[in-house]
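Asks: Sequence:
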Amino acid sequence: MDNVSHSYRAVFCRAKDDPHTVYGLQRFRKALFVDELGWDLATFGDRESDQFDTDAAIHCALFRDDEIIGGFRAIPTNHSYLVKDVFPQLATLRAYPSRADVWEISRFGVAPCTERLHLARTLYALMFRFGYSRRAAALVALADLTYERFLTRLGIRTRRYGPPQIIGTDRAGRQLRAVAGEIPLQDQAGEKFQNLLSLANKLDVQDETLVRGSERISA
Numbered sequence: 001m002d003n004v005s006h007s008y009r010a011v012f013c014r015a016k017d018d019p020h021t022v023y024g025l026q027r028f029r030k031a032l033f034v035d036e037l038g039w040d041l042a043t044f045g046d047r048e049s050d051q052f053d054t055d056a057a058i059h060c061a062l063f064r065d066d067e068i069i070g071g072f073r074a075i076p077t078n079h080s081y082l083v084k085d086v087f088p089q090l091a092t093l094r095a096y097p098s099r100a101d102v103w104e105i106s107r108f109g110v111a112p113c114t115e116r117l118h119l120a121r122t123l124y125a126l127m128f129r130f131g132y133s134r135r136a137a138a139l140v141a142l143a144d145l146t147y148e149r150f151l152t153r154l155g156i157r158t159r160r161y162g163p164p165q166i167i168g169t170d171r172a173g174r175q176l177r178a179v180a181g182e183i184p185l186q187d188q189a190g191e192k193f194q195n196l197l198s199l200a201n202k203l204d205v206q207d208e209t210l211v212r213g214s215e216r217i218s219a
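Numbering (our numbering), first residue to last: 1 to 219.
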């Protein structure tokens with residue numbers, strides 16, 4: 001059993017302000033989404049990057065000691081964003097938003113390890129704290145059905161833009177089925193959700209995209 005004490009922290013940044021952290025995140029994304037999960041994404045050497053990695057994007061990196069073990073990307077939907085531009089066919093019931101107070105969350109993932117479930121819950125807690133700190137009305141995302149069920153188990157309420165559809169195949173030829181939806185922040189409540197938020201309590205967070213900079217988040 002690993003008895004080493006680990007230190008966890010999170011960093012929010014833009015590429016123009018912290019290119020080192022964003023480069024590390026792109027390397028993490030390549031290792032996780034391309035090498036581990038087999039997604040057919042464009043890579044550049046040891047990193048994965050796309051047309052949505054612009055100055056409008058805010059990146060979250062979750063560190064264990066000095067190693068990136070999770071992260072996500074947030075883009076306000078009044079800018080170009082992944083699910084609307086790449087998967088417009090998924091919005092059959094409701095239109096995709098285009099608002100400064102609604103953010104898309106993409107490239108969300110944690111490293112494969114024995115504590116993966118705890119890391120995923122912690123990253124979701126950080127995602128919600130990010131949304132609340134920006135006074136966001138909702139968070140938009142593309143998710144496979146496994147993650148959608150996981151959100152339900154965490155007590156997170158979601159709304160679909162349309163039914164699940166096959167959006168392609170991975171590098172092994174397996175079909176990828178996904179659904180586009182949003183998480184309305186004002187609709188989140190209940191004991192399960194509060195327990196989720198508590199995971200971010202007293203987590204050291206460096207947010208270079210807020211005026212106040214470093215902060216310590218409380219539930």
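In case anyone wonders, no lab produced these hints; they're calculated from the structure. Predicted, not measured: the structure shown is a model, and the values here were computed from it. Ideal Cβ positions, reconstructed from N, Cα and C, are used throughout, including at glycine. Check each hint, because a few of them may be wrong.
[Stated by the list, open to error] With beta-carbon atoms standing in for the labels, derived distance ranges:
#1 P164 to K16: 35 to 45 Å
#2 L93 to A137: 17 to 27 Å
#3 T146 to E115: 33 to 43 Å
Asks: Each hint: holds or not?
Replies: Hint check results:
Distance hint for P164 and K16: a CB-CB separation of about 36 Å, consistent with the stated range 35 to 45 Å. Checked against the given bound of 17 to 27 Å, the beta carbons of L93 and A137, roughly 18 Å apart, stay inside it. Distance hint check: the CB atoms of T146 and E115 are about 18 Å apart, inconsistent with the given range 33 to 43 Å.
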